[in-house]
Structure formats: structure tokens, C-alpha cells
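Novice: Sequence order for the protein chains is A and B.
The opening residue of the first sequence carries number 98 in this note's numbering; numbering runs sequentially from there.
The opening residue of the second sequence carries number 98 in this note's numbering; numbering runs sequentially from there.
These are computed hints drawn from the structure, not numbers from a lab.
Being a predicted model, the structure only gives us computed values, none of them experimental.
For glycine and all other residues, C-beta sits at the position ideal for the given N, C-alpha and C.
Misleading hints may appear alongside valid ones.
Part of the chain A face toward chain B, derived, beta carbon under 10 Å [what the hints assert, rightly or not]:
| # | residue |
| --- | --- |
| 1 | Asn123 |
| 2 | Thr124 |
| 3 | Ala125 |
| 4 | Ala126 |
| 5 | Ile128 |
| 6 | Val130 |
| 7 | Arg187 |
| 8 | Leu193 |
| 9 | Ala214 |
| 10 | Ile218 |
| 11 | Ala230 |
| 12 | Phe248 |
2 protein chains.
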Amino acid sequence: MTCFGAHPIVAVRLFEGCLKEPSCVNTAAEIEVDERWMRQALAAASEAQARGEVPIGTCIVSEDKLIALAGNRTRTDCDPTAHAEIVALREAAGKLGNYRLTEVDVYSTIEPCAMCAGALIQARVRRLIYGAADERAGGVISRFRICDTDFLNHRIEVQSGVLEEECRTLMQEFFKTRRGRIVD
Amino acid sequence: MTCFGAHPIVAVRLFEGCLKEPSCVNTAAEIEVDERWMRQALAAASEAQARGEVPIGTCIVSEDKLIALAGNRTRTDCDPTAHAEIVALREAAGKLGNYRLTEVDVYSTIEPCAMCAGALIQARVRRLIYGAADERAGGVISRFRICDTDFLNHRIEVQSGVLEEECRTLMQEFFKTRRGRIVD
């Protein structure tokens with residue numbers, strides 16, 4: 098769990114300056130809910146890995162109900178845009194009959210890339226919860242701050258570090274196994 | 098045509114520091130080719146407008162052949178990710194049977210947003226040519242520089258300002274007509 102100046106059990110929400118002056122914290126019950134949904138995203142990541150994809154998974158939740166669940170599908174679908182987040186957003190919009198998803202929370206095992214962070218803004222999602230940071234290319238905190246700028250017409254509440262170790266380990270093991278075999 | 102320190106007829110390619118020290122320029126023949134393809138993107142933008150969409154169009158070209166042509170489809174398809182660029186990339190990948198599109202050029206009437214700029218990177222496209230800048234939310238030059246950073250594993254050659262006036266006017270007229278009727 099990534100904490101910024103708070104007790105380790107308490108995750109600070111990164112939203113409208115919360116990084117500097119934390120005013121909102123998660124309770125143990127909220128953390129338990131986040132971890133429960135992140136386990137679903139992790140299962141989708143493992144399923145993606147079994148298909149030869151980079152093991153990243155996403156689930157989309159509204160009112161504590163699962164709306165969409167997806168792993169990466171770029172190779173499976175021969176589609177450069179088929180990251181887990183994009184696949185899940187499309188499925189959720191279809192299911193809810195609305196291309197604005199203002200009432201949903203998105204759980205992703207890894208910090209979304211620029212494309213996916215931008216898609217979350219386009220969909221107007223309420224909250225993004227992710228596991229491990231992508232320090233090389235992350236579009237939320239690490240490289241670009243697409244989800245909470247003051248010049249786009251939407252901001253997303255961001256929570257990082259949920260089941261961080263499991264999410265990171267899945268990726269590290271995948272790339273360790275693959276190294277020397279496939280060049281991506 | 099947006100020029101940086103060059104003769105007005107000559108457009109400087111923005112790539113690996115070209116902005117500061119232009120070393121590559123477009124010939125009149127190259128400009129004619131770019132304008133020809135941009136007219137196709139403009140036609141797709143107009144077709145999107147006729148469907149009630151924001152008038153942005155994209156065409157994807159390889160070896161001077163049209164591979165994909167699309168306008169925005171977010172409302173039409175109830176899909177928050179269905180910007181013209183994403184729709185065209187998916188179509189091109191399906192048609193070419195490859196989720197890496199290293200040999201294609203992408204023409205878009207407006208500077209891509211963060212989602213679409215990120216998608217162009219994911220697809221590893223060779224070149225992006227766009228018409229007018231999106232100063233509020235552009236992901237290429239205006240707000241984020243997603244297409245030519247040194248920390249992502251791909252860089253795209255970028256050309257801006259092709260048929261800039263036509264592309265900008267189409268958007269301005271659309272929003273002028275719509276103002277007061279629909280809140281987006």
C-alpha cells in the first residue's frame with residue numbers, strides 16, 4: 098500500500114492536492130473492498146498471461162457489483178488498443194448503455210499507460226484503483242499525470258498500491274521468464 | 098502549415114529535437130500528398146458530424162494506399178474509446194493482421210488527445226500528421242508530449258498544420274452550432 102505521510106494501514110487518496118495535504122483516508126473496510134476487487138483484476142491478469150499476453154487485468158465495479166472484467170488482449174485480438182482497461186471500458190459502456198461511466202470504479206493491477214489513463218478520462222470514471230506503479234511508462238503518476246490535471250474536463254480519484262506486491266510480482270515473473278525468448 | 102524557423106512553404110518535421118534544429122523539411126510534393134490524405138480525414142470528420150459526433154476524422158495510409166478511414170463514433174457505438182484514431186487503428190490492425198503498425202502514417206484532422214496519442218505509441222505507427230492543434234487537451238504538443246518522449250519505447254515523427262484552417266473551422270462551426278443545445 099503506497100502511503101504519503103499517513104499511518105501504513107491508511108491509504109491517502111490522491112485527489113485535488115490530497116498528496117500534499119491529505120484530508121481523506123480509507124477505512125479498513127474500504128481497503129478490504131478494494132483488495133477484494135483487485136483479486137478479481139489479478140485473476141484476469143493471470144488468465145491473460147495464460148493466453149501469452151502481458152499479465153495486466155482490470156475490473157470495473159459499480160455499486161459493489163462487477164460490471165466488466167478483462168485482461169490484456171492485444172495479441173489475442175490483433176488490436177494495439179486492447180489493453181485490459183480499454184477492453185473493460187468498452188464492455189462496461191455496452192452493458193450500461195452509456196459512453197459516460199460517471200458512477201464506476203476501475204481496478205487495474207498496474208498503473209495505466211497514457212492511452213488507458215486517457216480512456217479513463219474520456220469515460221469520466223469516478224475512481225481508479227491500481228496495484229503497482231509503471232515507473233517506465235505510467236500515465237497516472239509516474240510519467241504523465243493524465244487523471245488529475247486541472248486543464249482536462251474531468252478528474253479521477255486515484256488510489257495506488259492495492260495488493261501492490263502481488264501485482265508487481267506477476268509482471269516481474271512474466272518478464273523474467275520471457276526475457277531472451279520474445280522481443281516485444 | 099505550422100513552420101518553425103523555415104520558409105512558409107516548408108514544414109519542419111517535429112522529431113528528435115527538430116523543433117530547435119530543423120534538419121528535415123518537406124518538399125512541395127510531400128505536402129501535396131499530406132494534403133490529399135488529410136482531405137480524406139476531413140471527409141470522415143464531416144460524416145461523423147452528420148451522425149451527431151464531434152467532427153474529427155482519421156485515415157491510415159501505408160505505401161500511399163488507404164488502409165483505414167474513420168470518424169468519431171463514441172455516441173454511435175456507445176463506446177468512450179471510439180475516437181476516430183482508435184477506430185481507425187483497430188481497423189488497420191485487423192486488415193494488416195498485425196497489432197504493430199510500424200509502416201503506417203496516420204492522418205488526423207485534430208491533434209490527438211492523450212488516449213489517442215498513447216494508442217499511436219502502442220501501435221508503433223511511423224508518422225502522425227494532424228491539422229489543427231487542440232490547445233485545451235492535445236496529447237502531442239499542446240498539453241502532453243506523448244508521441245516523442247525519450248522514455249517510451251517508440252517515437253513518432255509528427256507533422257502538424259496540414260489543412261489547419263479547414264480542420265479548425267469544422268470544429269469551431271460544430272461547437273458554435275451546438276452551444277446552448279447539448280452539454281457534453
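Novice: For each hint given before, does the structure comply? Return the numbers of the non-compliant ones in rising order.
Specialist: Of the numbered hints, 1, 2, 3, 4, 5, 6 and 11 do not hold.
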